[in-house]
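Peer 1: What follows is the residue order along each chain.
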Amino acid sequence: MSLDDALAAWATTVRLPDAAAEDVYRRIVATPAPRQLGARWWRDYTNDFTARMVASTRPARWAA
Amino acid sequence: MDRTSEFRELYDAHRVAVHAYFVGRTGDRWAAADLMQEVFLRAWQRFDELRGRPADGRRAWLFTVARNLSVDAYRHERGRADAEAALRHEPAVGSPSAHAAVVAADRVAVVSDAIAALPEHQRVTLALATSGLNSSQIATALGVPAGTVRYRLSDARRTLADALARYDRPEHGTEEP
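Protein sequences appear in the order of chains A and B. Take 1 as the starting number for the first sequence in my numbering and just add one per residue. Take 65 as the starting number for the second sequence in my numbering and just add one per residue.
Note that these hints are calculated values from the structure, not bench results. Each hint should be verified, as a subset may be incorrect.
One side only, chain A facing chain B, incomplete, derived with CB under 7 Å [what the hints assert, rightly or not]:
| id | residue |
| --- | --- |
| 1 | 3 |
| 2 | 6 |
| 3 | 53 |
| 4 | 54 |
From chain A, some residues computed to sit far from chain B (all C-beta separations above 12 Å) [claimed, not checked]:
| id | residue |
| --- | --- |
| 5 | 2 |
| 6 | 40 |
| 7 | 42 |
| 8 | 43 |
| 9 | 44 |
| 10 | 45 |
| 11 | 47 |
| 12 | 48 |
| 13 | 50 |
| 14 | 52 |
| 15 | 55 |
| 16 | 56 |
| 17 | 57 |
| 18 | 59 |
We put the CB at the ideal spot given by N, CA and C, even for glycine.
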């Protein structure tokens, strides 16, 4: 048995069995991914904020 | 392709190497599995960062996370029960003859002991090489020049070859009587 053969044999003794790797995968994807903010969130947020600010500070006579 | 399918591809492409990296760091494949899970869990949670990257960029991202994990906390944590559970997963190894099998097993044990005694940077590099990565890919994973990888591999192989040569001397009883 050459060094390369012995190394290959060693690698098989420390490799994670496929069944265990599959268990790990299932545990990971069962974890809910965090909700991501959409690309437009900041624009939408500031547009909404601006509109509310303008509406709330509108002079009373306009509102009448 | 949806998120889960794309993540599956990432996992299948890199899990062996990431696991091998942690085997090199911890010497324990079950602690390595825990750490590998931690890396891919972070990848799953931040997958949108990874999706647009090329293969090398994904590898670099995964191994940056791997290098930054606190490995010490995982060392020596796995108990005997885990080891026994692991053995139940082991496939039976066929052998052409009893003597040849014993000699082969002894040689693997010699190599295993020699690997355990290597400096950690050599052991990690060697573990990655046995996982199928080439020097350039290992360099990306470890963040070192490819020449350094080749130098470490050469040193490690020389040490292992010396260990096998010592084992093969007649006084160690591997010769037929």
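Peer 1: Hint by hint, which ones does this structure get wrong, listed from lowest number up?
Peer 2: 3, 4, 5
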